[in-house]
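Fit chain A to the given chain P structure using the hints.
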Amino acid sequence: MSLVTVVYGLLFYFAFLILVIGLAYRIYEYAKVPAPLKIPTPPAPKTKQGVAVRIFREVVLFESLFHSTKWTWLFGWLFHFTLLLAAFRHLRYFTDPVWFWVSWEIVQAAGHYGGYIMVLALFGLLGRRVFVDRVRYISSPSDYLMLILIIGIAVSGLMMKWFHTDIFAVKQFFLGLMYFNWAELPSDFVLLLHLGLVIALMIIFPYSKLLHAPGLFFSPTRNQTDTARDNRHIADWAKKLETHK
Amino acid sequence: MANTEFEKPELKKYSEVPKLEEKATSHLAPFKSKEEFQSSLGYPGELVDNWQEKALDKMGDLLGRYRSLRVYLDSCIQCGACTDKCHYYLGTKDPNNMPVGRQNLLRSVYRRYFTLPGKFFPKLVGAVDLTKEVLDEWYSYYHQCSQCRRCAVFCPIGIDTAEISMAAREIMDSVGVGQKYCNEIIGKVHKIGNNLGLPEPALADTLEGLEEDVKDDTGIDVKYPLDQENSEVLLVTPSADFFAEPHVDGLIGYGKVLHQAGISWTLSSHASEAANFGMFIGSYDNMKKLALRIREAALDLKVKRIVFGECGHAWRVAYSFLNTLAGPFDFLDPRYPVPQHICEVTHDLMKKKIIKFDASANDDMVLTYHDSCNVARASNMGDVIGGQFTIPRELIKASVNNYFDMDENTIMEKTYCCGGGGGLLTDDLIELRMKGALPRMEALKNVVEEHGVTHMAAICAICKSQFSKALSYYGFELDQIVSLHQLVGNALIMNKKEL
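Listed in order, the protein sequences are those of chains P and A. Residue 9 is where the first sequence starts when you use our numbering, and the numbers rise one by one after that. Residue 435 is where the second sequence starts when you use our numbering, and the numbers rise one by one after that.
So here's chain P without its partners, still in its complex pose (with noise of 0.2 Å):
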């Protein structure tokens, strides 16, 4: 086994369990702590599956960054969804036999040509950082570096088109690393860059404003129904202020 091998996989065990534990830590807090008061903006829906449409739209759609601002909108949008096509590719590393639907032409095409779509909308993203002066003050580093971190994800994942990597080992790496028996990780510069990159971004993401992610269904002006005149809506803590009768 080779040093890279245990490296790697230590760390993606390490990083695994951050980003499981992590997330989970903050959905237990987000959960956990009260919204004592109906704050939700318009339009609001009345029933819980008015909700369950609305936070569908904004998840999917985007919606109210549509309404906002075209082209953040536009290259946030498919950032995300190039994402998810990349996501769904990547589904072929750790399921075997591979899901029927992953190893369809259509789906492999799509994660591949839509990670240079992913890399334009980044660099669209980054632009506005850089050029746009309200943005470019509101930017802290951490801002730039979490962009330049997934373009680095991107691009060297889209490198490995031209630097030969064999897949089939990483993907004996993978489910070693699933099923505890491990396996040689290749040591390709390009793949553990694009590897090494992927463990910083789950060790980064729940101490990070990648928390948007679970943030969005926890968002009281968009997760609430407009009931208030019906129900009282009141907190645990608020009932200890209870006077009347």
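No lab work stands behind these hints, which were simulated from the structure alone. Ideal Cβ placement from N, Cα and C applies to all residues, glycine included. You may find that some hints are simply not true.
[Stated by the list, open to error] Derived pair list, reagent style DMTMM-like, types lysine to aspartate or glutamate, alpha-carbon separation capped at 25 Å:
1. Lys848/A - Asp518/A
2. Lys453/A - Asp141/P
3. Lys253/P - Glu642/A
[What the hints assert, rightly or not] Covered stretches of chain P, as calculated for chain A (at least 3 residues, CB under 8 Å):
4. 50-61
5. 171-182
Okay, now just chain A, sitting in the frame of chain P:
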């Protein structure tokens, strides 16, 4: 007195997003509250010695009580979608008045003390220590937010800057740094019952005068009753309605409608205020205490319904919070929602043809309508989605023959704040108020020029007061702002036979 020497923004045909100017309004801050106002609200009278520790404790406390704060401080992507949405940024060009800029003042301290990256790599993630300078910045810029929630509508995550500015104000109050305007007013309501500190005799006197005016005007004995037990309706209205212009014309209108419909009603000297500034300072306790006065008045006067007059944030507290804060209202008539807005009552009477209008009574005016932020973005009417937009418009259109909406990006859920909401309607912030009114004034100017609009109606006491000033400042006439129920009252066909 506040400095009135500042550059007047130009009203442009097409609103522009200005280039940012750092620290453009860092000199603005409202007068600080004195010890007597602070202590009556349960806050320290001046900055406490160990204020940093106390402020961080308070932040931790609020993070455990408000999911909004907890989620919103973590979730911002710094995408910039909100940066051109705030009327105060558009009017002042100060980047700390961009919603995300304003949020980051608190977020950077949150990151420093409550997150791992901020503890270990503050520079990397823009985390800062809580210093006196930071506290001063908070005081300045969290009193340059009218909590209008326009940014929250546009944010992809729904981050609501109002939640953050309310939390910031509560943190500041808890270490002894309060705002005079809000805290003095809240103290008056706790003590006397209304923002203006009008005691019962003065109120009775004012209402008597109003009855005489209406009698002179219409020849009809419309009553404006006070503390009348066993009335059907308890009307709770902003105290500005008792004498400020054009507010009082709205109150006259409510009285006419209720009179014509034959609904017995009363005002209360105990709950003689619809406004609830407890919300502005982010204080659940104070907000609840103020709301309970309304419950007490409803019980004492044995009414069957509670109806609110024209007031934006009051309607937010009433519609969205009153049931939670002061409910359940099971002692009231279950056939009506609690509380109701006067526009809902009037609209309902109109639909049932109990009252009728002669719109030609307002033919000397061409109207537009300003959606008040708290009504538009934090409440509803009529229990249909969007009712808070359609019901006031239907009432205006029934009362006038000439009506035009302003630009679609400036109305309904995208409406601009008047510039004076959120506890900023004070002369020590006049520069901010006039600059913040810019986007609304530009939209108004366009319909004035394109459609000959002469008047703008509103259903918020703060909007009405703020626009009286802003209209004359930008070269309009101050009486071009009218109450919605002023139009309704003018057009209402009154039945003289009963006399």
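Structure-based check of each hint:
Restraint check for Lys848/A and Asp518/A: the C-alpha separation of about 13 Å stays at or below 25 Å, so the hint holds. A distance of roughly 7 Å separates the Cα atoms of Lys453/A and Asp141/P; the hinted pair therefore holds under the 25 Å criterion. Annotation: proposed proximity of Lys253/P to Glu642/A is violated, straight-line Cα distance about 35 Å (limit 25 Å). With 5 residues bearing a CB less than 8 Å from a CB of chain A, the stretch 50-61 of chain P meets the requirement of three and the coverage assertion stands.
Residues of the stretch 171-182 of chain P lying with their CB closer than 8 Å to a CB of chain A number 0, which falls below the three-residue condition for coverage.
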